[in-house]
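Student: With these hints in hand, go ahead and build the complete structure from the sequences.
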Amino acid sequence: MATETGIGASVRRTEDARFITGTGRYTDDINVPNQTYCVFVRSTHARATIKSIDTSGALSTPGVVAAFVGADLAKDEIGDLPCGWLVKSKDGSDMVAPPHPPIATERVNYVGEPYALVIGETVKAAKDGAEAIVAEFDMQNPVLDVASATQSEQIHESVPSNRSYDWELGDKAATDAAFENAAHVTSLDIVNNRLIPNAIEPRAALGSYDAASETYTLHTTSQNPHLERLVLAAFVNIAPEAKLHVISPDVGGGFGSKIFVYAEETAVIWASAKVGRPVKWTADRVESFLSDAHGRDHVTHAELALSEEGDFLGLRVKTTANMGAYLSTFASSVPTYLYGTLMAGQYKTPAIYVEVQAVFTNTAPVDAYRGAGRPEATYVVERLVETAARELNTDVADLRRRNFIRPEDFPYETPVALTYDTGNYAASLDKALDYADYAGFAARKAQSEAEGKKRGLGFSCYIEACGLAPSQVALSLGAGVGLFESAEVRVDVTGSVTVMTGAHSHGQGHETTFAQLVSDKLGIPFENVSVVHGDTRRSDYGLGTYGSRSIAVGGSAISTATDKIIAKATKIAAHMLETNEDKVSFDDGIFTIPDSNESLSFGEVAFSAYVPGNFPLDELEPGLSEKAFYDPANFTYPAGTHICEVEIDSETGTTSIVSFVAVDDFGNVINPMIVEGQVHGGLAQGIGQALLEHGIYDADGQLVSGSYMDYTMPRADDLPDFVVDTTSTPCTHNPLGVKGCGEAGAIGATAAVMNAITDALGIKELPMPATSETVWRAIQGG
Amino acid sequence: MEFQGESNIPAPCQEVWDALLDPEVLKECIDGCQEMTQVSEHQYLAKVRARIGPVRTTFSANIQMVDVVAPTSYTLEVSATGGAAGFGKGSASISLEDHGPETQMHYVVNGVVGGKLAQIGSRLIGGVIDKLTTHFFTKFVERWTLQT
Numbered sequence: 173m174a175t176e177t178g179i180g181a182s183v184r185r186t187e188d189a190r191f192i193t194g195t196g197r198y199t200d201d202i203n204v205p206n207q208t209y210c211v212f213v214r215s216t217h218a219r220a221t222i223k224s225i226d227t228s229g230a231l232s233t234p235g236v237v238a239a240f241v242g243a244d245l246a247k248d249e250i251g252d253l254p255c256g257w258l259v260k261s262k263d264g265s266d267m268v269a270p271p272h273p274p275i276a277t278e279r280v281n282y283v284g285e286p287y288a289l290v291i292g293e294t295v296k297a298a299k300d301g302a303e304a305i306v307a308e309f310d311m312q313n314p315v316l317d318v319a320s321a322t323q324s325e326q327i328h329e330s331v332p333s334n335r336s337y338d339w340e341l342g343d344k345a346a347t348d349a350a351f352e353n354a355a356h357v358t359s360l361d362i363v364n365n366r367l368i369p370n371a372i373e374p375r376a377a378l379g380s381y382d383a384a385s386e387t388y389t390l391h392t393t394s395q396n397p398h399l400e401r402l403v404l405a406a407f408v409n410i411a412p413e414a415k416l417h418v419i420s421p422d423v424g425g426g427f428g429s430k431i432f433v434y435a436e437e438t439a440v441i442w443a444s445a446k447v448g449r450p451v452k453w454t455a456d457r458v459e460s461f462l463s464d465a466h467g468r469d470h471v472t473h474a475e476l477a478l479s480e481e482g483d484f485l486g487l488r489v490k491t492t493a494n495m496g497a498y499l500s501t502f503a504s505s506v507p508t509y510l511y512g513t514l515m516a517g518q519y520k521t522p523a524i525y526v527e528v529q530a531v532f533t534n535t536a537p538v539d540a541y542r543g544a545g546r547p548e549a550t551y552v553v554e555r556l557v558e559t560a561a562r563e564l565n566t567d568v569a570d571l572r573r574r575n576f577i578r579p580e581d582f583p584y585e586t587p588v589a590l591t592y593d594t595g596n597y598a599a600s601l602d603k604a605l606d607y608a609d610y611a612g613f614a615a616r617k618a619q620s621e622a623e624g625k626k627r628g629l630g631f632s633c634y635i636e637a638c639g640l641a642p643s644q645v646a647l648s649l650g651a652g653v654g655l656f657e658s659a660e661v662r663v664d665v666t667g668s669v670t671v672m673t674g675a676h677s678h679g680q681g682h683e684t685t686f687a688q689l690v691s692d693k694l695g696i697p698f699e700n701v702s703v704v705h706g707d708t709r710r711s712d713y714g715l716g717t718y719g720s721r722s723i724a725v726g727g728s729a730i731s732t733a734t735d736k737i738i739a740k741a742t743k744i745a746a747h748m749l750e751t752n753e754d755k756v757s758f759d760d761g762i763f764t765i766p767d768s769n770e771s772l773s774f775g776e777v778a779f780s781a782y783v784p785g786n787f788p789l790d791e792l793e794p795g796l797s798e799k800a801f802y803d804p805a806n807f808t809y810p811a812g813t814h815i816c817e818v819e820i821d822s823e824t825g826t827t828s829i830v831s832f833v834a835v836d837d838f839g840n841v842i843n844p845m846i847v848e849g850q851v852h853g854g855l856a857q858g859i860g861q862a863l864l865e866h867g868i869y870d871a872d873g874q875l876v877s878g879s880y881m882d883y884t885m886p887r888a889d890d891l892p893d894f895v896v897d898t899t900s901t902p903c904t905h906n907p908l909g910v911k912g913c914g915e916a917g918a919i920g921a922t923a924a925v926m927n928a929i930t931d932a933l934g935i936k937e938l939p940m941p942a943t944s945e946t947v948w949r950a951i952q953g954g
Numbered sequence: 042m043e044f045q046g047e048s049n050i051p052a053p054c055q056e057v058w059d060a061l062l063d064p065e066v067l068k069e070c071i072d073g074c075q076e077m078t079q080v081s082e083h084q085y086l087a088k089v090r091a092r093i094g095p096v097r098t099t100f101s102a103n104i105q106m107v108d109v110v111a112p113t114s115y116t117l118e119v120s121a122t123g124g125a126a127g128f129g130k131g132s133a134s135i136s137l138e139d140h141g142p143e144t145q146m147h148y149v150v151n152g153v154v155g156g157k158l159a160q161i162g163s164r165l166i167g168g169v170i171d172k173l174t175t176h177f178f179t180k181f182v183e184r185w186t187l188q189t
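Protein chains in written order, with this note's numbering: chain A, 173 to 954; chain B, 42 to 189.
Check each hint, because a few of them may be wrong.
With a straight-line cut-off of 20 Å between C-alpha atoms, the simulated DMTMM-like cross-links for lysine to aspartate or glutamate are [as the list claims (entries may be wrong)]: (1) K130/B - D821/A; (2) K130/B - E249/A; (3) K130/B - E303/A; (4) K88/B - E308/A; (5) K446/A - E249/A; (6) K520/A - D343/A; (7) K617/A - E308/A; (8) K603/A - D567/A; (9) K130/B - D872/A; (10) K88/B - E303/A; (11) K130/B - E308/A.
Stretches of chain A that chain B covers, calculated by requiring three or more beta carbons in the stretch to come under 8 Å of a beta carbon on chain B [as the list claims (entries may be wrong)]: (12) 295-305; (13) 419-426; (14) 866-875; (15) 879-893.
Bear in mind the hints are in silico, worked out from the structure with no lab data behind them.
Beta carbons: idealized from backbone N, C-alpha and C, even for Gly.
Tutor: Printed below as a string of structure tokens:
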């Protein structure tokens, strides 16, 4: 049904009215009677042994209710924060995960690690109490350099060489052989800079304990409240899942950083029972910088082997990934199964070998950040391919086209464990070339040069595996949880519909997209569909939102549940029309017996379901509510071409992005406007990594880019007017033919920008971010 | 970050040296110093109010005098905590050259900060140390120059 609100329509987001008028309901907006406030005392040292912590000054501070240290949690058998994905090393041994107590007990391992908490009647009282805590530390030299971390002093007693694992993927012998037979080898040394997520809403938690029902309620800023509940119940030992109610209300952005289970909500929910009053914590911006899991931070050497004619023969990648001081919730999977598996890119490279060692340093934990592993993989592959084309004096588009997996090759099994279901990479490339006026670039470059400026063009033909699921694959690769999604479609008596989803919206617009999907399928008004999410007591166990999985997995679950509604409603309609159900057809909200004038509206059938006057109860149950748990057969594989054109001021080194084209294949699209918005946001973050953003620790392990004075976020005037369009090869294995769009921008953009800048400067490598200073120095240096 | 400089003081070496050991003199010359207590021959405790960019805090400083070669040189090792603002560590090496009625003073000052100070004030810290150092030695020299 093509309507103004159905599948394929650019419906304005229904949630935006509350978001832009300040009437959203975020965790910090929620206040409960008798509430107290928590402040965490954080290490100012990167690596130190705790000699003593004296909380007496805090306890005698007016307005302080309680003060706790790590030992207090340990006494209550509060467990460590676990890492939920087991990666195995080359030799078959399990990764090493050091103990990660929520509140440090014996030592602190990064600046910002909490070692005490103070609970007060007000935030101010708690802060005053925190100031009065006296702790003595025995400081040690921090380990900060990723490349040399394995040769540095050992941070954790249980982790020799500061190495969590040494992982490999692919056929080493075949790859080495490919390099021996190569006519040309392109190699690059790449540093993928550390990023800090910066969601607009800082993390927050409000824990309450109801002694009467022995139930804990946690409001928190989580992208996956069910996972939060599972970890707090099964690993941290707060309470059984049934006694733990997690609510994740409106959440202002996550980008991955709110997937994880952190120290703060753990301590807050525990403390609420301890003090017998609700406890609230809201991060200030400085705490967000210090304690949100950071992203990226890889050091890589990569080589591409090519034949005389320009065929890719082999790819060899050796990466050291920084895990920070501890293994965060999903940290181990990011530089392995979300990275190494993507090294085929869009190409038929026959032999690929990837080695990744994950190391600990005295910095904040690193985990998934928008794209998670796939931006790093794309950066490696697309920087190599572009550099190879330049070295071989070949057109960068032609070299890619020559090596693309072709439409007739699908399903295509890569040498790195994935099977791509469908795609048409040349279609996206061609469309992007048109938009970018590739043919006119030489003239534009000449014009820039005449004005004393440098101009460059950069490509990125990315692919991602997303729609994170399927459970079977994830579990076989070491995941500790299934990755399906749940949905319940509940038809109300009057025919309106409430949808419960296990996915979680923190800016993605689910309330709109999912309502479009259901209203379209049921032929009912868009306004009559409500979407509920983020509450473990209202929706079935689900896995939340990350890895561009909401529409592909969550949407497919809703679609499946809606199909069950149609099936049940058809039975009811058949009963009402006194015919067999196979004689009843359903279209656009109307049940009919074809070739008759007998019909019923969806609303009439729904009403009858709840007013079952003469139902044959042994054959037909009353009610109209259905559930589905959807677990797909494969990942989805969005792919596309990004083309970036830059102009650089030779005097100042300032880079302007004069044009940015993104043509993405997301399969079918439910709401093109929301998809375009997701792409815009992703591009901004991808460009931010290339030009501006950098998480920097100084030689003492102090985070010196710890505020907006030193950590540069992209702003509107750093970005061009994006040209965004799509192509479509529908996903072959989910009922909607959708692929997901949330991460594509951040995955593709970074390589395109850096390819453009290195093209303009005529150099091979440049570290990110390409700030004016970095670019200016490169110009001066040659 | 390191800063160094020198000054000519119109006073004999021993007189300058004595002033350098006098907690009252030190208090007077350190910008923002609210308290300076001598706890042993070579150890002082101080409270100094300082502003580093957007962070204002009162530092509790433990000052230790080491490598003391009377009356010509010593090094002050300073370790200061600023509560929620973080901490500072630094040293100041001062040496005096005896030129009869005049004394030539050389100094080298180092400092690092941690915690919130590093996070939001690291770009400013050099300027602050430079300013504190200049203030100290200007005030110190003025003890004699303003009298004459």
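Student: Name the hints, by number, that the structure is in violation of.
Tutor: Result: hints 1, 2, 7, 13 break, sorted rising.
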